[in-house]
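Assemble the complex: chain P is given as a structure, and chain H must be docked to it using the hints.
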Amino acid sequence: MWKIITESTPQLIVAGLKYTIPIAVISFVIGLILALIVALTRISQKRGAFSILRWIASFYVWLFRSTPLLVQLFIVYFGLPYLIVPGLFPNGIKLDPYTAGIITFSLNTGAYCAETVRAALLSVPTGQWEAAYAIGMNRSLVLRRIIIPQALRTALPPLSNSFIGLVKDTSLAASITIVEMFEVSQQIAAANYQPLLMYTLVALIYAVFCTVLSWLQKWLEKKSSAYMLPTQGGSNG
Amino acid sequence: MITLEKLSKSFGNNVVLKDITTTFPEKQTTVILGPSGSGKSTLLRSLNLLEKPEAGIYTIDDLTIDFSKPVSSKTTLDLRQLTEMVFQSFNLFPHLTVLKNIIEGPVHVLKTPKDKAIQEAKQLLASVGLADKEDAYPAQLSGGQAQRVAIARSLAMHPEYILLDEPTSALDPELELEVLKVLLKIHNENQSMVIVTHNMAFAKQVANKILFIEHGDARYDGPTEGFFNSDDERIKNFIASMTFSI
Chain P
1 MWKIITESTP
11 QLIVAGLKYT
21 IPIAVISFVI
31 GLILALIVAL
41 TRISQKRGAF
51 SILRWIASFY
61 VWLFRSTPLL
71 VQLFIVYFGL
81 PYLIVPGLFP
91 NGIKLDPYTA
101 GIITFSLNTG
111 AYCAETVRAA
121 LLSVPTGQWE
131 AAYAIGMNRS
141 LVLRRIIIPQ
151 ALRTALPPLS
161 NSFIGLVKDT
171 SLAASITIVE
181 MFEVSQQIAA
191 ANYQPLLMYT
201 LVALIYAVFC
211 TVLSWLQKWL
221 EKKSSAYMLP
231 TQGGSNG
Chain H
1001 MITLEKLSKS
1011 FGNNVVLKDI
1021 TTTFPEKQTT
1031 VILGPSGSGK
1041 STLLRSLNLL
1051 EKPEAGIYTI
1061 DDLTIDFSKP
1071 VSSKTTLDLR
1081 QLTEMVFQSF
1091 NLFPHLTVLK
1101 NIIEGPVHVL
1111 KTPKDKAIQE
1121 AKQLLASVGL
1131 ADKEDAYPAQ
1141 LSGGQAQRVA
1151 IARSLAMHPE
1161 YILLDEPTSA
1171 LDPELELEVL
1181 KVLLKIHNEN
1191 QSMVIVTHNM
1201 AFAKQVANKI
1211 LFIEHGDARY
1221 DGPTEGFFNS
1231 DDERIKNFIA
1241 SMTFSI
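Protein chains in written order, with my numbering: chain P, 1 to 237; chain H, 1001 to 1246.
Okay, chain P solo, but in the shape it has when bound (with noise of 0.2 Å):
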């Protein structure tokens, strides 16, 4: 039992550095820039067309919050080919199943994180909008310099909370033939007949990953709370 742990751990980080890892992080960062900008356009008040704008943002939130992450999955992989567009898409849209991979993690992500980057945003006191308007900023100026480093305070639990579950979701990945790290241990585990033995192990290793990021997590909202602490006076008035 000891040799094959010894022999396939090695194979299953390899998979997981060179694929579980890469697919979440590039998937994460695109979700968040997403979330942001679907957060912005959710809580912005412009009337006219930009309620149009309003109204894609939430119906892509209700869209991918609504339906399961593996059917979408098999949608985009296996499902797009066979969306034939004449003129546009004549042959259907085929992706290969990293594209297809990061594009479905990046929007289901998205789709929570907007959500927790909207209630950041809004946490943020009126007063620190007026007191931003007040010295003449203008409303990207504010959102850049005031309201988002302090929402990102905020929205650091719960977005880590986001990116933990999407390491764990790319798991998934397997079922369109991604060769991550949980399609490496079902390959060991075809060969060697050690089913509980290999998922035993790969679930570790998903653990281990998720620990060092709960400690990049930690160490984020101690650097992100620093302003937050008095080290001296006090709040008296």
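Do not rely on the hints blindly, as some may be mistaken.
[Said to hold, decoys possible] According to the in silico footprint, chain P covers these stretches of chain H (three or more CB under 8 Å from chain P):
#, region
1, 1084-1091
2, 1102-1112
[As the list claims (entries may be wrong)] Below 35 Å or equal to it, Euclidean Cα-Cα: the simulated DSBU-like pairs (lysine-lysine) are:
#, chain 1, residue 1, chain 2, residue 2
3, P, K223, H, K1006
4, H, K1069, P, K222
5, P, K222, H, K1114
6, H, K1018, P, K94
7, H, K1018, P, K46
8, P, K223, H, K1122
9, P, K3, H, K1116
10, H, K1100, P, K218
11, P, K218, H, K1006
12, H, K1006, P, K222
13, P, K46, H, K1122
14, P, K218, H, K1069
15, H, K1114, P, K46
16, P, K222, H, K1100
17, P, K222, H, K1111
18, H, K1111, P, K223
I should point out that these hints are in silico values taken from the structure, not numbers from a laboratory.
It should be emphasised that the depicted structure is a prediction, and the values quoted were computed from it without experimental measurement.
Positions of the beta carbon are idealized from the N, C-alpha and C atoms, including for glycine.
Chain H only, in chain P's frame:
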């Protein structure tokens, strides 16, 4: 000089300001007094366009705003460079140090070179008695210190007018005094100010002019002595209710 002509504002069916016509002379301190809910804060916030009145004409220097028409964002930004606001709850930026709070506007709005802005910020901090606090975060300050930083932050923008919305209402008497001393100093330097306050003794001492607002109406608009010696029953009652006596 700020001139208001027939300024009106309502929230829904609730009329907060009724045809206010007045002036705020430059290099002087105007104090706005009035009972809670009289509309005095709304009037002050309108001067910085944090509230948008529905009607009326607002003139400051050569900038004129007619509130019955939409106000362009450029006009709004121009106006906000002429007026600075100091809030009851300070509203310092908690994620920035004291020094960075002060240079934020000069550097990012006025495009002042950073080293020049820092130099000026240090002088301002010294003038409000907080030279040693430049690296502190707002959470490390007392309320009185925070409000003095907020005053320095507004002065750093070199505004024509500083608008103060109940600047000491959130402070203990001891901390209130340190803020009032700073305001008195600025007043003596001939900075144009408009202050909403409940502190009658302070109003009596610094105001060049009193604007008394009740139910959205300007019931008194004139020199300070005239207000405190007024024969108007409502004004007398108001002064009596705000002054401690047994």
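Hinted pair, alpha-carbon criterion (35 Å max): K1069/H, K222/P. Please report holds or violated. violated (49 Å)
Pair hint K46/P and K1122/H, alpha-carbon separation not exceeding 35 Å: Violated, because 39 Å separates the two Cα atoms, which is more than 35 Å.
Next pair to validate is K1018/H with K46/P; report whether the Cα-Cα distance is within 35 Å. holds (28 Å)
Restraint check for K218/P with K1069/H, where alpha carbons must lie at most 35 Å apart: At roughly 51 Å apart (the allowed maximum being 35 Å), K1069/H and K218/P break the hint.
Between K222/P and K1111/H, does the CA-CA distance stay at or below 35 Å? holds (32 Å)
Is the coverage entry for the region 1084-1091 of chain H by chain P consistent with the three-residue Cβ rule at 8 Å? holds (count 5)
Assess, step by step, whether the Cα of K1006/H is no farther than 35 Å from the Cα of K222/P, and give holds or violated. violated (53 Å)
Next pair to validate is K222/P with K1114/H; report whether the Cα-Cα distance is within 35 Å. Measuring from Cα to Cα gives roughly 29 Å; hence the hint holds.
State whether the coverage of the region 1102-1112 of chain H by chain P holds or is violated, taking the criterion as 3 or more residues with Cβ-Cβ distances under 8 Å. Contact hint for the region 1102-1112 of chain H vs chain P: holds, 5 residues under 8 Å.
For the pair supplied as a hint, K1114/H and K46/P, confirm whether the alpha-carbon distance does not exceed 35 Å. Measuring from Cα to Cα gives roughly 34 Å; hence the hint holds.
Under the criterion that the straight-line Cα-Cα distance not exceed 35 Å, is the pair K218/P, K1006/H satisfied? Since the Cα atoms of K218/P and K1006/H sit roughly 56 Å apart, the hinted pair is violated (cutoff 35 Å).
Would the hint linking K3/P and K1116/H be met if the CA-CA limit is 35 Å? violated (68 Å)
Figure legend: structure checked against the earlier numbered hints; hints not met, in rising order: 3, 4, 6, 9, 11, 12, 13, 14.
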